Amino acid sequence: MQGDIQNIVILTGAGISAESGVATFRGPDGLWEGHRVEDVATPEAFARDPDLVQNFYDERRAKLKTVHPNAAHKALAKLDAQWPGDLLLVTQNVDDLHDRAGSKNLLHMHGELNSGWCRACDGRSPFDGVMAAGPACPLCGQSGQLRPDIVWFGEMPYQMDRIDLALTQCDLFLSIGTSGAVYPAAGFVQTARHYGAQTLEMNLDPSEGSFHFHESRMGKAGTLVPEWVEEMLRDV
0 MQGDIQNIVI LTGAGISAES GVATFRGPDG LWEGHRVEDV ATPEAFARDP DLVQNFYDER
60 RAKLKTVHPN AAHKALAKLD AQWPGDLLLV TQNVDDLHDR AGSKNLLHMH GELNSGWCRA
120 CDGRSPFDGV MAAGPACPLC GQSGQLRPDI VWFGEMPYQM DRIDLALTQC DLFLSIGTSG
180 AVYPAAGFVQ TARHYGAQTL EMNLDPSEGS FHFHESRMGK AGTLVPEWVE EMLRDV
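By numbering that gives the first Met the number 0, the letter at position 43 of the sequence shown is numbered 42, and the numbering carries on one by one without gaps.
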């Protein structure tokens, strides 16, 4: 596949972390860890029942400490370190598995569990504790003003300008473990393809936007991604 590829944009979704034991964002029953998405992943839900929302993300944050990066995360970190062209890894996941695997050119478009956003000073800072307890903001000192630094439904994903620019300049767009149902990420393949990029999907099953891709490879990310990375690095 390598050919004339220099610049790569990779999008990862819940499927890549599922193999590490992280619950996918929305299960076949429409629930996320037993909760309706509308009850834990919207600004309205937070305004209505902040304790429920804070406890939900505190549990997700604590669970992160029990899971580890898998072969797919590690392979992408290897590619990040060795690829001679530009590479941007955009993840929809709020876990820290790409970070722990060693990826550097990484963008969390939906925020991070291990980050707090202070509603008092509008600052963001690392956080790995219990937010429901109303701790003080590390930046301004006000207590009870931290919320999860997560992009909820109805909010704008982070760094969209940077992502859009990278999509217009990449030679290859790869999507791994995504449903193709959540926008704007679901539209990335169309943007990249419009500007001439090759497009490749890796997933357990075809995504909702599978027909937009030049090539689809079906199977587990932990198997497919390391194979593809070795293929890409063979002649580097």
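I should point out that these hints are in silico values taken from the structure, not numbers from a laboratory.
The model shown is predicted, which means the values in this text are computed figures rather than measured ones.
For every residue, glycine included, the Cβ atom is placed at its ideal position computed from N, Cα and C.
Treat each hint with caution, since some may be false.
[As the list claims (entries may be wrong)] Cβ pair distances, simulated, as ranges:
#1 ASP204 / THR167: 41 to 51 angstroms
#2 MET159 / ALA22: 25 to 35 angstroms
#3 VAL235 / GLN141: 42 to 52 angstroms
Tested hints:
1. ASP204 / THR167: 41 to 51 angstroms: 29 angstroms, violated
2. MET159 / ALA22: 25 to 35 angstroms: 26 angstroms, holds
3. VAL235 / GLN141: 42 to 52 angstroms: Given range 42 to 52 angstroms: holds, Cβ gap about 49 angstroms.
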